[in-house]
Every structure is written in structure tokens, then in C-alpha cells.
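From first to last, the protein sequence lines are chains A and B.
Under this note's numbering, think of the first position of the first sequence as -2, with each following residue one higher.
Under this note's numbering, think of the first position of the second sequence as -2, with each following residue one higher.
You may find that some hints are simply not true.
It does not matter which identical chain is meant; a pair holds if it fits inside one copy or across any two.
Said to hold, decoys possible - Pairs of lysine-lysine residues, derived as DSSO-like cross-links and limited to a Cα-Cα distance of at most 30 angstroms, are as follows: (1) K88 - K143; (2) K116 - K88; (3) K163 - K222; (4) K88 - K200; (5) K88 - K163; (6) K116 - K163; (7) K163 - K241.
The set of hints was computed from the structure by calculation and includes no laboratory data.
There are 2 protein chains.
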Amino acid sequence: MPESNSVSNVTAPTRFIQVGPVTYAYRRFGSGSRPPLLCLQHFTGTLDNWDPAVTDPLAREREVILFDNAGIGRSTGVVPETISGMSQHVKAFLESLRLDSCDVLGFSLGGMIAQQLAKDQPSLFRRMILVGTAPRGGEDIMHLNKPNLAPIFANPALQGYARLQKLFFAPSDSSQTAGAAFVARLAQRTQDREPAAGPDVAKAQLAAFRDWEHADGERFADLLKLRQPTLVVNGVHDELIPVKNSYWLSAWLPNAVLMTYPDSGHGSLFQFHESFTRQASAFLASDSESAAF
Amino acid sequence: MPESNSVSNVTAPTRFIQVGPVTYAYRRFGSGSRPPLLCLQHFTGTLDNWDPAVTDPLAREREVILFDNAGIGRSTGVVPETISGMSQHVKAFLESLRLDSCDVLGFSLGGMIAQQLAKDQPSLFRRMILVGTAPRGGEDIMHLNKPNLAPIFANPALQGYARLQKLFFAPSDSSQTAGAAFVARLAQRTQDREPAAGPDVAKAQLAAFRDWEHADGERFADLLKLRQPTLVVNGVHDELIPVKNSYWLSAWLPNAVLMTYPDSGHGSLFQFHESFTRQASAFLASDSESAAF
């Protein structure tokens, strides 16, 4: 698998870089004239949870960089219990790659880390795509014991990708069919795979969600400072991080376009991967100061 | 001005068609292989309130049909006091043109009429674009006496297009600048113009808004029946029909994509006319059963 020919998350080799005591696992593939796109992953997700139907079209015009935060997959170190702590690892990783600025796709947990970094280092991200995520002070973020979610975790028949399909897609036949296609795409990668996250990862990340639900000062006021063009995306039936959080994000961010998809949940970007990558590509290809594209 | 050469609302001649006792004023211009696009206008708006920066790009791939409902502009008849009554005039007009099916762009009041027709005659609209509008049972629809709007109406220095600029655009410099460009575009048409709507028109249309705020049965349940692909668009700072109404529309319609624009009010489609017409064109060009585009 020569690296120069890897243009898919099905085949891209996992790379490793050491920064101080921590070794980070990542993948980097694609090419083009556009700024690199850093992809920050969801709750318990590893490099292998990035759908090639999303990453690969985006990699046609730029490098795509997938990142395992500390303690995830084959990255060493301890999973932080705050978004801020996770953002420090992203910062260290980007510095080690000598990337001063890039675009970012933050999905779910990853979207929170992206917001934290955009606040702490305004020049870091040129353009942001925030999918299925919430602002600090958001509500109903990953309450896995609520009535609509607990039965999915309690069902012993739903493990691994089968559980992911139930969680990320709406109950309709059409959405579940899209979910089955999604997990089939994830399974296309057969070598150089990541270990799945265990209960310790989940516990630390859930602690970070609980902390993120507490507003830091005036609720949502920090969003007013994030000036870069931002595309906010969500499925209207997202049970993990309900769409109202995306409404808040797009109404408070001064320069954000919101797109919501019907008949879909947390994984709307995977369900509507053709539309999502077309829209995301058009958004990222723009050099306008405005988020409108 | 030969009709065959008219591809702009700056120059398209106004046409008239008689249906029973009513003569409807309309314009029809553009051409292409796509289904015609019927444009239904906002509160007190006439044919002359359609921004050529919105209509003309859309007319490159299809006929665009602008319509004055009964009692508006040079259409005769009485302005109905219900959305349902207005929708009957649209129905009669389309029948007189022998159009069984078309696409529709409903802006504000026009978006309510589009929803009513889609409910009453499901096959009429292939694809719908609903901008700055609300579902039946929506809230805070055109309450012109509320604190954020009353001063604009009370200010004698704000008449005509100057008032429209204040009402349709956000208070920011950037939005007001876009508003000035919008009214300059409306003023490009110098001949064959429509008379402005008077207080009787406003009174009847406001009565229709008040009626529309009352849910008809279970709130929003009617939206579940509207199956055609729909694109919902709004500015996040819309004071005339707040964006929460677009959230309801897109969350309840089974097949709708929502796009919201930052730094903009009721006239987001005019402020971001390049983005809006690009997105609307892509949406209308799709033959997918899904609204995702």
C-alpha cells in the first residue's frame, strides 16, 4: 500500500507521530490545492469509524487528516475528561505536523473540540463544518440512559456496528437501510484496523459531555467570537444530540449556514453522503468571507 | 419588448388572463427543459417585488411564472382573508394556463399558500421551496405592532422601498448594504410597473395571517402529508416570521432540507441571491425522490 496512492479510508495506512509522551495514530490521504481538512471524530469512534463515502470524495481536492485523540484506537495516553483537554491534544498534533491553519470537520464530540480550538486559537481553522454537535451550554447531549436510547444499549443482540446503525440512523426503513449500507462501507477496511474503544473511553468522554452542558459565562456568548465561515449540519431526528443544538449553533454563530436533513438521525452525513460531500465540497471550495455558498 | 427575448423581471411584460370574473396579472419568462417555477409573493408584494437577482438566474433553466393574487397589483377581484381563499385563486390561475404540475417558490405569505395547495392537491407541486414562511399553527407571524417592528412603521422617513429595506434585512451594516442593493435592483424596472398595495390589501392579508396561526386539528400534523421534496430557507434574524417557524416546517415535513443564512432577516434569499439561486437551482434540477441535493 504505497502512501502516495492511498486516496481512501478503506486503504490509507495508519501513521503514528510522537509528541512528548504521547503517540498519536492518524491517517492522511488525498491531495489537491485546497487547505487540508482535519476530521475530528465522534464518541468512542476511531479512525475506522470514518465512512469512506464521506472522506474519500472530500480527499479529491485536498488532504484529509483523520485523528485519534489520546487514548483512542492506537493513540497512547489518557482520554481527557473535558473538551478542553481533548483540544490540547489536537493542538499538539497539528503543531507536530507543522500545520498553522487548516479546515476542520468536527462530528459530534469532534465538533465540540473544534469549537473549543476555534475559541482558543482563532486563526487555526479557516472554515469549519460542525455536524451533529452542540454548543457549550447545549442540552440533552448524549444521555444514553434516556428512554429513546437505553433499550438500544440494553439489547444484547445489538453490538458493535449493529448498535451503531440503530443509534446513528432514524427508525424508518429508509434510514435503517442507509445505516446498513454505512456499516457495510465501514467493514470494507479489513487490514490495519483500530481496536474498538472500551468502557473507560466512554466513561471519560461522557464526563466531557456533562461538563460541556454547563454554560461558561453567558450562555452561547462565546459563539459570537467565532467568525470563520461555518457550515452546521444535522439530521432532524437525532436522538444523541438533538437538532435544537444545531439551531442554537447556527443562530448564535455570526457566520454560519445551517443544513438539516430529513428522515435521519445523528449520522445524517453518512446517510446523505452524496449530498453532504457535494455541499461540504462547495462550502470548503469557497474563499468568500461569508459562510453562504 | 418581444416576449420571447424577455429573460428578466426587469423587462418581462406583464400579461393578463381572465378566469370568470377575475383578471389575473402575471409575468412568464425564461425557458429550459425543467418544469415551470411558480413564484408566490409576500405580504403586500406585487410582481415588481420579485428581485431580478433571484428570478433571472432561475429562469435560465425553466419558465418562471410570477403571479399577482386577486386584488394585488393589476389583478382584479377581492383580496381573500384566508390562505385557503388565496389558494383558490392560484388554482384557478394554473388551470387557466393548463398547468397540471409545476415547481413552486413560496415566499412568506406565498409559502403558506403553497402549503395549502400541496395539502389540497398533492400532485400539483413536484418540488417546493418555502422561504421565510410558517406552517399553519406557527407563531409570531407578521405581528407588525411588536416592539421590534412598530418603530419602522411609525417612522415617517421610512416609506416604500426604504421601509422594505429595514423590514427585510438585519440591522447590521452588511445586511443593510445588501438591502440597499436589493431595492436598487427592484428599481431597475422603470416601465409597465404595478401599483403598490394599499391598506385594504394589508388588512385582508393580516387577517389571513391571524387565521393561519390557529392550528387546524393536531398541530403540524398536516405537514406529515406533504411528501414532495421541499427546501426550507430562512434568515436567522427574521423578525417578520421568526426562524423557529422554519425549524418546525423542516422538522415536521417528512422530506425537507432546511438552509438558514446568517446575518439576515426575512429577505435572506435577496441578500444571498447568489447562494440562494445556486442552491435552489441544484435542488430544482434534482429528480431524486429525496429532498437531499
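Hints versus structure:
In this assembly of identical chains, K88 and K143 lie within 30 angstroms of each other by CA distance neither inside one copy nor across copies; the values are 34 angstroms within and 47 angstroms between. Taking the shortest Cα distances, K116 and K88 sit within 30 angstroms of each other inside one copy (12 angstroms), while across copies they are farther apart (52 angstroms). In this assembly of identical chains, the alpha carbons of K163 and K222 lie at most 30 angstroms apart only when taken from different copies (26 angstroms versus 36 angstroms within one copy). With identical chains, the CA atoms of K88 and K200 are at most 30 angstroms apart within one copy only, with a shortest distance of 23 angstroms there and 59 angstroms across copies.
For a Cα distance limit of 30 angstroms, the shortest separation of K88 from K163 qualifies neither inside one copy, at 33 angstroms, nor across copies, at 43 angstroms. For the homomeric pair K116 and K163, neither the shortest alpha-carbon distance inside one copy (33 angstroms) nor that between copies (32 angstroms) is at most 30 angstroms. For the identical chains of this complex, K163 and K241 are neighbours both inside a copy (21 angstroms) and across copies (29 angstroms), given an alpha-carbon limit of 30 angstroms.
Violation of the numbered hints given earlier is confined to hints 1, 5 and 6; the remaining hints are satisfied by the structure.
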